[in-house]
Amino acid sequence: VDAAGRVLAWGAFTQVDGEARAGLARFLPAGALDRSFVPAGGDLLFLPPDGRAIVRRTILGPLERDGFRRYVTQTARLLESGAVDTGFAFPSTLDVARANWLLAAPDGRLLVAAFEPNDSREQNLKLVWLAANGTRLATLPTVFSEFTRLIALPLDAAGAPVSNDLVVGFPIFYGRPNVIDAAQLLASGELLVAGAFARVNGVARPGLVRLLADGREDAGYVPAVEGRRYSTSALPLPDGRALVFSLAFDGGRWRPRVQRLLASGANDPGFQPPPDTVAPGSARLADGSFFSQGRRFLADGWPDLNFAPQVRLDGAATTAASGILTPGGRLWIGGMFTSVTGQPRTSLARFVPAEVAGITVGPRGQTVVAGRDAFFQVAIGTAQAATYRWTHDGATLAGETRPTLRVAAVRPAQAGAYRAVVTVGGQSYTSEPAMLVVVPNTTRLVNFSARSRVVAGGAPQIAGLIAAAPAPREVLFRAVGNGLPVNPGTAALPVPVLTLSDEARQIAQDRGGAVLPTVAALARSVGAFALRTPPVTPGAIYGSAITTAIGAGT
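For what it's worth, my numbering labels the leading residue of the sequence shown as -15, then goes sequentially.
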């Protein structure tokens, strides 16, 4: 969407409302096709606020000395009419095919990430400031290195990813990808840059870096990614915060996670959305909300309950691919669909804000295992200021004054009826009760281990536990880790040695027993992830195990 509220749509189409439009069309704020915009064609790369689209075109080049004319790829800017702007000149030494257009500054400058002269070396990837007419203003000296777009994960016997002490970047040998995904110009003049890189100017900055105006990394900004995770992407925000998307090993599987970092780089403890939240590839909308995987999410990561369209393609459920918000609050979605909430809509639909009195979507009841979190949410049909409070079995919950409620690590005493009380303009509305049912945690698998790299000759990893039950219970202990380094042909690492003691004496010790059939069967019975058997390939998981009965004690 441009500053005038006009929407530019790009896709695989040749006509719009009976008029020829080769994959690019502009719509007026009211929704009608802008018939004055007849684009010269090309793949849309970027739309600056002034509405002059940047496109990539493949055209037939001039007659060459050998008598042939060849196709060439060029970057062009389209005028208000859609014609090619002959006054726009993209630097000829930059790799046109792999340039990523990142942002437009308020003063008209454009920031691109592009290889110069080619993608044969990581060091050739540059951040370049362009003038509004496309000419080069400055090339930042920033050097991005150790690109990692893919990761290599060891698999278990069923083909599912399993734990690994080292997540290894997959090297790219034949042409480097442009790994600079996004950038945000901050009010301070600094740049917050996200992408699939591990180092910046030789300093470890996996996936996210804040650059000073001269291209040097800000040494005071060290992103705090929670726990042991592999960061897959990040989304810088205008205020200096950032969403970081990652994979975390949980319950025997790699699972997606998202966290929000403060402008300092520290984790934002106030960002605690429900599990179903924004995902990689999310787009930030003009009001600070997000469009992700066909859904809209509020700025705090909770879903927009008022936006729940039924999107279908020839009767089959599908999702919208993209969404934008115009200055008037209208939400446009695009994708491969033929109907939206029962109305015929081909690939493009628009939603308008509407005022509805009171609560539109109330909190939902749920059944939660003890020790896990419960999430409640209420939505209202107005943008007017509102106050919120929550009650549990009629009693007001102190400090809960938001439209969302997270009950952390629920206990049986927290079961019951939850209601939201919303006040708008002096009028109060109370939701229907949402029942929280708390069921016992009957799982036999408890993971209380710490993750660390234990190497030969180094300090051991020591984990402790206290058994409260006086009657002895059978317990399975496992220690797992890489049996071989990732590079083939090098010496095998020792299998981890597991030793169990009761403070004063050693009870048991094992080396490699986790792969025994009896232990593997026991591990499966309690839900523990399987180890590869036999572990003969690089990166395979070796493990040791002890099964014993323990009673009360340490």
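Worth flagging that the hints you see were computed from the coordinates, not collected in a lab.
There may be inaccurate statements among the hints.
[Stated by the list, open to error] Derived CB-CB ranges, DEER-like: (1) L44 to R239: 48 to 54 angstroms; (2) T385 to L121: 26 to 32 angstroms; (3) A367 to P33: 22 to 28 angstroms; (4) G383 to I446: 24 to 30 angstroms; (5) A270 to S509: 26 to 32 angstroms; (6) L381 to T325: 33 to 39 angstroms; (7) A370 to G173: 55 to 61 angstroms.
Just so you know, even glycine gets a beta-carbon here, dropped at the ideal spot from N, CA and C.
Against the structure, the hints:
no., hint, result
1, L44 to R239: 48 to 54 angstroms, "holds, 50 angstroms"
2, T385 to L121: 26 to 32 angstroms, "violated, 48 angstroms"
3, A367 to P33: 22 to 28 angstroms, "holds, 24 angstroms"
4, G383 to I446: 24 to 30 angstroms, "violated, 39 angstroms"
5, A270 to S509: 26 to 32 angstroms, "violated, 53 angstroms"
6, L381 to T325: 33 to 39 angstroms, "holds, 35 angstroms"
7, A370 to G173: 55 to 61 angstroms, "violated, 37 angstroms"
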